[in-house]
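Q: Here the sequence shown is numbered in the working numbering, starting from 1 and rising by one per residue.
None of these hints come from the bench; they were simulated from the model. Keep in mind the model is a prediction, meaning the values are calculated, not measured. All residues carry an ideal CB built from backbone N, CA and C; glycine is no exception. Some clues are possibly wrong.
Cross-link-like lysine-lysine pairs, in silico, DSSO-like; alpha carbons within 30 Å at most [what the hints assert, rightly or not]:
1) Lys193 <-> Lys139
2) Lys145 <-> Lys93
3) Lys93 <-> Lys108
4) Lys93 <-> Lys139
The following label-pair restraints were derived from C-beta to C-beta distances [as the list claims (entries may be wrong)]:
5) Asp115 <-> Ala169: 17 to 25 Å
6) Arg129 <-> Arg23: 46 to 54 Å
7) Ala169 <-> Lys145: 22 to 30 Å
8) Leu69 <-> Gly37: 46 to 54 Å
9) Thr105 <-> Ser128: 21 to 29 Å
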Amino acid sequence: MSRYVKQLACRFHPEATLVEDYRAGDMVCPECGLVVGDRMVDVGSEWRTFSNDKDSKDMSRVGAAENPLFDGDTLETVMSLGTGAGALDEFGKQKYNNGPRQMSTADKALRSGYDAIRQMAGRINLSSRIINRAFSLFKQCYENKCVRGRSQDAIVATCIYIACRQEGAQRTIKEICAISTSASKKDIGRCFKQIVNSLPNSNRPESIDIKNLVVCFILYSFSIYTVAPKIIHTGVISIFFPNGNSYEESK
Numbered sequence: 001m002s003r004y005v006k007q008l009a010c011r012f013h014p015e016a017t018l019v020e021d022y023r024a025g026d027m028v029c030p031e032c033g034l035v036v037g038d039r040m041v042d043v044g045s046e047w048r049t050f051s052n053d054k055d056s057k058d059m060s061r062v063g064a065a066e067n068p069l070f071d072g073d074t075l076e077t078v079m080s081l082g083t084g085a086g087a088l089d090e091f092g093k094q095k096y097n098n099g100p101r102q103m104s105t106a107d108k109a110l111r112s113g114y115d116a117i118r119q120m121a122g123r124i125n126l127s128s129r130i131i132n133r134a135f136s137l138f139k140q141c142y143e144n145k146c147v148r149g150r151s152q153d154a155i156v157a158t159c160i161y162i163a164c165r166q167e168g169a170q171r172t173i174k175e176i177c178a179i180s181t182s183a184s185k186k187d188i189g190r191c192f193k194q195i196v197n198s199l200p201n202s203n204r205p206e207s208i209d210i211k212n213l214v215v216c217f218i219l220y221s222f223s224i225y226t227v228a229p230k231i232i233h234t235g236v237i238s239i240f241f242p243n244g245n246s247y248e249e250s251k
């Protein structure tokens, strides 16, 4: 095989830049119209236009991107159901189906856990950021098998509990137990210890700070939330009454 690649050029106009005819697959000289090369391979993307894709913005035929939350070994192509008269029987049902979709055991377990996380998180209106963090924790627990033998409800509740603490939206164990179906405080505590001690890449969450929860519960203003830490550190409480008297107490 030669080390040099043969470059196409017009024999009458060797300096001319050839023009590629994509429809015919030819390389044409723009000066004299000589076809220098034929049956050229088009390296561009090939789009197939269907009757229902005229107004579609995304003409991609390769499907969605690989989801990192799943195993990734079950990439598949599923044919869509027909919508014409030939695809329906006399009762209006589909004549042909696309067959059962095969899913691995790992993806089934992960999907079941993700659905449970989404359902529990919806009960206390958690943000999508916390939900995605809980998804990631649940997948790590499943892959590392660090909570084997625990119920799925307890694992899901613990993942939500850790995700809330890592994202700065702390929730108490009592609140997590309220949105769980059957997990108790003891179950969540045991799963919490196993997950934190077993996962190498999980950051140990900081201790819970419930000042904002207490302030919201007793309906105090945000100024009290900001003054409370100062009182704890200084140990001085000064109270001014409307009649001009004052009261001050130190530790």
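Q: Determine for every hint whether it applies to the structure shown.
A: Structure-based check of all given hints:
{"no.": "1", "hint": "Lys193 <-> Lys139", "result": "holds, 17 Å"}
{"no.": "2", "hint": "Lys145 <-> Lys93", "result": "violated, 44 Å"}
{"no.": "3", "hint": "Lys93 <-> Lys108", "result": "holds, 28 Å"}
{"no.": "4", "hint": "Lys93 <-> Lys139", "result": "violated, 39 Å"}
{"no.": "5", "hint": "Asp115 <-> Ala169: 17 to 25 Å", "result": "holds, 21 Å"}
{"no.": "6", "hint": "Arg129 <-> Arg23: 46 to 54 Å", "result": "holds, 49 Å"}
{"no.": "7", "hint": "Ala169 <-> Lys145: 22 to 30 Å", "result": "holds, 28 Å"}
{"no.": "8", "hint": "Leu69 <-> Gly37: 46 to 54 Å", "result": "holds, 48 Å"}
{"no.": "9", "hint": "Thr105 <-> Ser128: 21 to 29 Å", "result": "holds, 27 Å"}
Of the numbered hints stated above, those contradicted by the structure are hints 2 and 4, listed in ascending order.
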